[in-house]
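According to our numbering, the sequence shown is numbered sequentially starting from 1425.
Simulated from the structure, these hints should not be mistaken for laboratory data. Every residue, glycine too, gets a C-beta built ideally from N, C-alpha and C. Don't take each hint at face value.
To be verified - Simulated DEER-style distance windows between Cβ atoms: (1) Gln1489 to Leu1466: 21 to 31 Å; (2) Ala1468 to Arg1442: 21 to 31 Å; (3) Glu1430 to Ser1519: 49 to 59 Å; (4) Met1433 to Pro1517: 24 to 34 Å.
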Amino acid sequence: SIPMQEIWMLQSRFPERRRKRVFRLLSHPRFRAAYDFLELRLEAEPELAGEFAFWRDAQELSGDQLSAHLGPPRTGGGDPKPSRRRRRRRRKPASESSE
């Protein structure tokens, strides 16, 4: 079913803990279901304990507290992507005019 596919797809977003992604995931309509599924996965995969603890705490903190917990926002990121050069269109050869 589509809701279960969404819940499964959200599992891959749990390891990402960047500010913008955390807030976006917390506001997702299926976040709570995905979080509950993460808790079920924790029983089979104990290495998910750190991830689970982070998201448990993230839900309990207010927006300002969570922002402080995540640290200052990044500015500028890494190196900017080089601009792509566009190919010039080849002109059609001018048709020879008859005189």
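Original post:
Checking against the hints above, which ones are violated?
Top reply: 4
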